[in-house]
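Student: Using the hints, build the complex out of the two chains.
If you read the protein sequences in the order shown, they are chains A and B.
Numbering-wise (my numbering), the first sequence opens with residue 1 and increments by one.
Numbering-wise (my numbering), the second sequence opens with residue 337 and increments by one.
Among the clues, some could well be false.
Stated by the list, open to error - Now the stretches of chain B that chain A is said to cover, found in silico as 3 or more residues with beta-carbon under 8 angstroms:
(1) 708-719
(2) 727-735
Said to hold, decoys possible - Computed Cβ-Cβ distance ranges for the label pairs, DEER-style:
(3) ARG398/B with ARG297/A: 35 to 41 angstroms
(4) LEU113/A with THR733/B: 36 to 42 angstroms
(5) ALA373/B with PRO50/A: 57 to 63 angstroms
(6) ARG654/B with ALA146/A: 58 to 64 angstroms
(7) ASP779/B with MET53/A: 52 to 58 angstroms
(8) GLN807/B with ASN210/A: 37 to 43 angstroms
(9) ARG606/B with ARG173/A: 37 to 43 angstroms
(10) ASN172/A with ARG654/B: 53 to 59 angstroms
(11) GLY235/A with GLN429/B: 43 to 49 angstroms
(12) VAL730/B with LEU325/A: 38 to 44 angstroms
(13) VAL730/B with ASN210/A: 50 to 56 angstroms
(14) PRO355/B with LEU113/A: 57 to 63 angstroms
(15) ARG603/B with MET247/A: 36 to 42 angstroms
By construction, these hints were calculated from the structure, which means they are not laboratory data.
Predicted model only: the values in this text are computed from it and were never measured.
Note that CB positions come from ideal geometry on N, CA and C, so glycine has one too.
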Amino acid sequence: MSCVEPVAVIGAGNWGSTLAHLIGENGFPVRLWSRDEAQVREIESTRQNPRAMLGLTLSERVHADADMARAVSGASVVILVVPAQAMREVTCQLGDALSTEQIVVHASKGLELRSNKRMSQIIAEETCAKRIGVIAGPNIAAEIGAGSPAGTVVASRFPEVVHRTKRLLASNRFMVFAGSDVIGVELCGALKNVVAIAAGMATAMNVGENAFALLVTRGLAEITAIAASFGATPGTLAGLAGVGDLMVTCRSKHSRNHRVGEALARGDSLEEAVRAIGMVAEGVTTAIAARELAEQRQIRTPLLEQVHRVLYGGLSPSAALEELLRMPTGRDVAWS
Amino acid sequence: MRAQFFAGVINADEDRMIPGHEIAAEAKRRILVRVRAAAAAGTPLTQTLGGTVYHERQRLSRGAAHGERAREDRAFVDHLHRALAQQSEPVDQLLTKVVERYADEIEGRFSHSVYRFSTTILPFGVTALLNGTTPAMALPRLPELTELSDRLVLSGAIERLSKLSTLGTVVLAPTHVSNLDSLLLGYAIHKLGLPPFIYGAGLNLFESRVLGFFMRHLGAYSVDRGKSDPLYKATLKEYATIALERGQHGLFFPGGARSRSFALERRLKRGLLGTTLTAFRNRLITQPDAPGVFIFPVTLSYPLVLEGHSLIEEFLGRAGRERYLQPAHDEPDRVGRWVGFLRHLLALDLDVHMRIGAPLDPFGCDVNADGHSLDPRGRVINAAGYLRSGGEIVAETARDHAYTELLEQALVRAYQRDNVVLGTWLVAYVAIEILRRKLATDDVFNLLRQLPPGTTIARGEVVSGLKEAHQQVTTLAASGGLALSEALTADPNALLERALRSFSSYHDVPVITARGAELVVGDPRLLYFYRNRLDGYGLMGAPSLLPLEAHELR
Numbered sequence: 001m002s003c004v005e006p007v008a009v010i011g012a013g014n015w016g017s018t019l020a021h022l023i024g025e026n027g028f029p030v031r032l033w034s035r036d037e038a039q040v041r042e043i044e045s046t047r048q049n050p051r052a053m054l055g056l057t058l059s060e061r062v063h064a065d066a067d068m069a070r071a072v073s074g075a076s077v078v079i080l081v082v083p084a085q086a087m088r089e090v091t092c093q094l095g096d097a098l099s100t101e102q103i104v105v106h107a108s109k110g111l112e113l114r115s116n117k118r119m120s121q122i123i124a125e126e127t128c129a130k131r132i133g134v135i136a137g138p139n140i141a142a143e144i145g146a147g148s149p150a151g152t153v154v155a156s157r158f159p160e161v162v163h164r165t166k167r168l169l170a171s172n173r174f175m176v177f178a179g180s181d182v183i184g185v186e187l188c189g190a191l192k193n194v195v196a197i198a199a200g201m202a203t204a205m206n207v208g209e210n211a212f213a214l215l216v217t218r219g220l221a222e223i224t225a226i227a228a229s230f231g232a233t234p235g236t237l238a239g240l241a242g243v244g245d246l247m248v249t250c251r252s253k254h255s256r257n258h259r260v261g262e263a264l265a266r267g268d269s270l271e272e273a274v275r276a277i278g279m280v281a282e283g284v285t286t287a288i289a290a291r292e293l294a295e296q297r298q299i300r301t302p303l304l305e306q307v308h309r310v311l312y313g314g315l316s317p318s319a320a321l322e323e324l325l326r327m328p329t330g331r332d333v334a335w336s
Numbered sequence: 337m338r339a340q341f342f343a344g345v346i347n348a349d350e351d352r353m354i355p356g357h358e359i360a361a362e363a364k365r366r367i368l369v370r371v372r373a374a375a376a377a378g379t380p381l382t383q384t385l386g387g388t389v390y391h392e393r394q395r396l397s398r399g400a401a402h403g404e405r406a407r408e409d410r411a412f413v414d415h416l417h418r419a420l421a422q423q424s425e426p427v428d429q430l431l432t433k434v435v436e437r438y439a440d441e442i443e444g445r446f447s448h449s450v451y452r453f454s455t456t457i458l459p460f461g462v463t464a465l466l467n468g469t470t471p472a473m474a475l476p477r478l479p480e481l482t483e484l485s486d487r488l489v490l491s492g493a494i495e496r497l498s499k500l501s502t503l504g505t506v507v508l509a510p511t512h513v514s515n516l517d518s519l520l521l522g523y524a525i526h527k528l529g530l531p532p533f534i535y536g537a538g539l540n541l542f543e544s545r546v547l548g549f550f551m552r553h554l555g556a557y558s559v560d561r562g563k564s565d566p567l568y569k570a571t572l573k574e575y576a577t578i579a580l581e582r583g584q585h586g587l588f589f590p591g592g593a594r595s596r597s598f599a600l601e602r603r604l605k606r607g608l609l610g611t612t613l614t615a616f617r618n619r620l621i622t623q624p625d626a627p628g629v630f631i632f633p634v635t636l637s638y639p640l641v642l643e644g645h646s647l648i649e650e651f652l653g654r655a656g657r658e659r660y661l662q663p664a665h666d667e668p669d670r671v672g673r674w675v676g677f678l679r680h681l682l683a684l685d686l687d688v689h690m691r692i693g694a695p696l697d698p699f700g701c702d703v704n705a706d707g708h709s710l711d712p713r714g715r716v717i718n719a720a721g722y723l724r725s726g727g728e729i730v731a732e733t734a735r736d737h738a739y740t741e742l743l744e745q746a747l748v749r750a751y752q753r754d755n756v757v758l759g760t761w762l763v764a765y766v767a768i769e770i771l772r773r774k775l776a777t778d779d780v781f782n783l784l785r786q787l788p789p790g791t792t793i794a795r796g797e798v799v800s801g802l803k804e805a806h807q808q809v810t811t812l813a814a815s816g817g818l819a820l821s822e823a824l825t826a827d828p829n830a831l832l833e834r835a836l837r838s839f840s841s842y843h844d845v846p847v848i849t850a851r852g853a854e855l856v857v858g859d860p861r862l863l864y865f866y867r868n869r870l871d872g873y874g875l876m877g878a879p880s881l882l883p884l885e886a887h888e889l890r
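Just chain B, with the same shape it has in the complex (with noise of 0.2 angstroms):
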């Protein structure tokens, strides 16, 4: 399905959205009770709170926190630990400050100065696009923006995702590689007429002088992966838990940050995964008639990628350590090159794909278009009595944890499923390929080290390399293995041609362009992270050049 823009009915359920506030007071309520449940069998508030003091001056000591917000913990921090040597307040009124500090933070409550930065300095079109509750009527005064539309691609479960919204709570689990995803996601719920969705976003995100303002707006809480109290991390969590538990549709970036590598997610983050199998467990007491918790996963595939540059060179310097000499870099967080990126992406005509994948429960089994949990060979089960024991419906943490690994599992083999195949990608890993051979080497470093730019191929060779890996790819997806595109053409001259001239325009150096009989590659960096998006496939019999492989999956 293509998107067209004015076709689309604007959901106006906007009731639907539970207010920040509620969910944060309630959390706030939750984890207070806890702690002090805690308390009470033998683990005494000063200890917790020792922990907090412990776990953020960590933090605060960490290159990265400066500015008006971390000038503002730090002082906190202070006259936390000052007041628990000094035992000049209750302890319980310090830790009611701490969550609620916590809470307050999650739901998205900052510093005026930050705020009034974002506001004065955003296009409205972009703030537009982002939320899922804007009018259509606003959204033609940026006409090269709405243009984009023609270029997102939506395929897959679309109709069970509508019905599975009124259903239920939905959460959209989203491969996650460039901050234009949520910038799509957003604009995906908006046209498919779906309630606004709740979103957990970095902390950074909110400071980012594009992205901050619309964050708000798109109901977005924010997470800070900076912090390590497992006061935050309960808090948290149990935000998020709250919202889906009351039927607030959730967005989540189950990798916990954009895909360095361009490779398709492995490992997931557990925690916030976990969180749909508490609030399906809160549901069946409190909505036991329609306690679904239905995930989605969604892929997403670029042909080329806005931070692509950036996001490889950290990859790189964070694997490679002293292997790897990174250059300094600039993440592009102007609006000037977010327009540039969506201009090429128009003038190349090249297609985004955002592919929905079958919708899942929190233990990992298929749902069908009934909101029922199916087992592995289609048969209709009752999911409740997973959390049966005795009969009897029980938390147990360890057990979850179990179950919320089968969903991680089921969401990476979905992920590899649904990555539809861009040419881009398929130019980059058949040329790598080449080369790795040549270089007989399988390790990334080594094979860097031995390309510098303007290494050459030959054109034949990549073009024979093409045509053996787009026949293995149609075999993969005639099996369901992976995904294809209309628009991947089999003529592997086309197919180059094309690649070629998408490599040559966004990036600032061409990744690869023709010279004669010749490919010249210009940014042996980049071509490794396009490449990356179809490893692990074992596609011409080439192992994994990815130096952090995840375990086997188990």
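The shape of chain A in the complex, shown without the other chains (with noise of 0.2 angstroms):
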């Protein structure tokens, strides 16, 4: 191996630790951080993460380590997977500890509550680090700590940035694009979680593979219209951050937007369905986000804003859905 430098993975949920696994299986020494000092004690003595409802084996490289000035000093890569709303807290801390020759990728799918900022502004808010990416993708951790096959998108402005985090994690199971454009890619994975709570009430409420077809994919024309806006191009939409990420939030029983938007339409408060899926759902947060940028830019966006009044005014799924079908309708495609 030609390269030895460890890697910093920061953040030991179940999606950190799998990247932190595959990337321990592909030869490089791993550094997991998490601030639970109980869960970094379980990962060193047993190789197991229970607290990230994680049943994978983590490879013999992947160290945990609760003190975050030692996992990241020396780190060539450091890769943030924390949730949205704890981005600000962990990337204030991490500012002390990094080195402008690091580089920084991210594999969170939110933007900030109230700021509505991305990922990547806030970790350039708030550190040293210039060469910023992110991955993203259709990437269910579970399957893909099984070994299922899969593929992911890493994009940056610096070539450089999406090189090296592709060495680190391309596999035979797991295929790595590469991508420049950061604002679409970040965009999508944030506001396709709104689209993925649809998804989740739409199966529940049995509407149809047709109605189905046509609630995702007005919802990807309402993302892609609010993602333009801001600079992204729209053909990353097209990509695996965009419809591949779509495809399976919106499909999978992993998926936990979806599963947040199933137990809605059965009737469950918001709270309820939250509480159930016992881990972060970005998408609940997302919908105030994706609402308020598309006030922002002046776009119309019925489907996201149905999904938010289901979580926030008290509509029920059905009467959001009936009132989507009444809508006057447009222009199919309109950000070309």
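Tutor: In structure tokens form, the structure reads like this:
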């Protein structure tokens, strides 16, 4: 192995642990940071991470650590995999430990509540990192951990970031594609979770395959319009981080956001639905950001708006669907 | 700080000025090495020179290429073409000739006829003002121009500019709207006691009757924006890089040209901007103890703009194409016009503000008073690390381009922040916004079509609009969103009166004047021009009225 410099993965949740495992299996030493010391001890002694609901035995090259400065020191690449609403706090801490030589990549799909900032913007505001990238795609951690084939996209304005991250992650079970549209990949990754909630509701309501396709496609058109208004390349939405991620998250029973939608359609309250998942469903908070971004750019997003009203406005999923079907229609694809 | 003309200390550190011919010779050497290496790697020299013939022919076929220089260039390109086709001269010799020609032109060696013409017509005082190395004793000979010093308000990071100019290479990156900018910057450099700065100026300015002579004296090198030959661009960038790399302070207008709309620059020329990073990387090797390259954003705020009329006509003509019929215009390039303009500034008691912004490194990071780069939270960082890959400092074009984009964004933010709001702009902004609302349009061409000269607005509406806008700029300034001058009064009536006086005096047609309880728009296009300096802040909830609005910054 030509590169023996360690890699730091910040966040030992289920996707962070899976990424750490993949990198370890590729022969690179990995420091997996968690603030939870008990979790660190458990990983170190058993190679298991049950707190992250991961049935996987972690690579021998993965070492857990609760000390961020130690985990990050000397790492060539730092991968952040923390919930979107924890990104500010974690990067604030990371800022003290990071040096200008290090590359930072994140794999978090969400926007910061209130500021509506993307994760790469937060990293750039809190740390010295400039070579920043994002990983996103149809990546259900449980499947990847079980060795099923999958693919992802790494996007950065810096080709070096893409190249080095690809080297860490790519294997004959995990295809890594390159991109440069950071805004597009981040906004796809975040906003598609709101569409996934709608898809979950549609699944539980048995609306039929045609209506399901209608909802998901309209959702894609809406998130594309928002992303393009912020400078994303619309074509990015046709890639793994867009359509790819949307397909899996709108179909898969593994998707947390999909499960939230299903629970709501079954009559659960938002609190009950979220509690039942036990992990963060980013779409629940991203729905607020999506609404504000659309308003800011004066973009009509009926589907995203209805999801917001179901989550926070007391509207029932069936009433939301009925209203949606009665709304006036415009062009099919309007952003081109 | 209001500049006091005789209080300044002249820094006689003229040794700091590296002779242009040395820089040009080194630029030529490096370009030849690079092109020959590319030839060895598979890009034949004939292909490179074929590109020169193609790009130069394209340029010379355009209407703008005329005069003695264009004739010489045509003859040279014809010769090059023939020699390539007939293989009558060794290709490497032809390459050397092309690069030498470019390097000589950039250095500023011109035909004697142009040179003689410039020197005989120029008033000494203008030269003196522009030349940071001229002894102060020479200046009182031109009293009305020396009074200009009282009208130039310098503010911002002046101390840091002086200090960092001793710790590394300083690059001034000003906004650009008038040919007077170079005069004021040259004066400020002189006033602050800084060593002379090297300066990239449009080739057309070298041919200008007024400007040509002192451009050379300021240490200017020429930039021909019409030339698209990659070999020329490479030579130009190399010239700028070498100067900075050797510690020669520099001055770029990163917008590339004067802002025709008067809006603040939102897109910058990254090619020239990127030379700061290349120079920094080279200095890490040659001067590892003090590799710093410090970029100072500078905003120039004029209450009235010398070339306002011709600039806005050109802008609307370009932006509107068939939607805008462009009247013939005349660029003021006469000494009389310049002096007249300066006298107006003096008579009206108007200040020009020059604000030196906080310094940046080539990666867009803030720099502290000791020349250390800072992260966004103010921690000292080692900027050299950004150029390391696997522990080594490496050159990588795509990466460096991405870094330069970050510098560009930081400069654009600084321009917005350091823009010193002036009364004439506020009045123009408020008047246009009131008219826009009445005509219910967001489209500037639609707006101007419906605004014939003589259009009236109720004075009371403008006064209450001014009250609102003043409050908003004050709030914005409090959070660092823009800058205010002390002279900007909160009394809307006084503010309006003063702006009307200014608008009535300099331009051929008063931009806007009072008639009883009404205000009469005399020149709607100039009114639009002056409001554009405040575009993009969302004052009064107005949308942007710039038809060529830059993309959202990434």
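Student: Hint by hint, say whether it matches the structure.
Tutor: Results of checking the hints against the structure:
no. : hint                                       : verdict
1   : 708-719                                    : holds (count 7)
2   : 727-735                                    : holds (count 4)
3   : ARG398/B with ARG297/A: 35 to 41 angstroms : holds, 39 angstroms
4   : LEU113/A with THR733/B: 36 to 42 angstroms : holds, 38 angstroms
5   : ALA373/B with PRO50/A: 57 to 63 angstroms  : holds, 58 angstroms
6   : ARG654/B with ALA146/A: 58 to 64 angstroms : holds, 60 angstroms
7   : ASP779/B with MET53/A: 52 to 58 angstroms  : holds, 55 angstroms
8   : GLN807/B with ASN210/A: 37 to 43 angstroms : violated, 55 angstroms
9   : ARG606/B with ARG173/A: 37 to 43 angstroms : holds, 40 angstroms
10  : ASN172/A with ARG654/B: 53 to 59 angstroms : holds, 55 angstroms
11  : GLY235/A with GLN429/B: 43 to 49 angstroms : holds, 47 angstroms
12  : VAL730/B with LEU325/A: 38 to 44 angstroms : violated, 58 angstroms
13  : VAL730/B with ASN210/A: 50 to 56 angstroms : holds, 55 angstroms
14  : PRO355/B with LEU113/A: 57 to 63 angstroms : holds, 59 angstroms
15  : ARG603/B with MET247/A: 36 to 42 angstroms : holds, 37 angstroms
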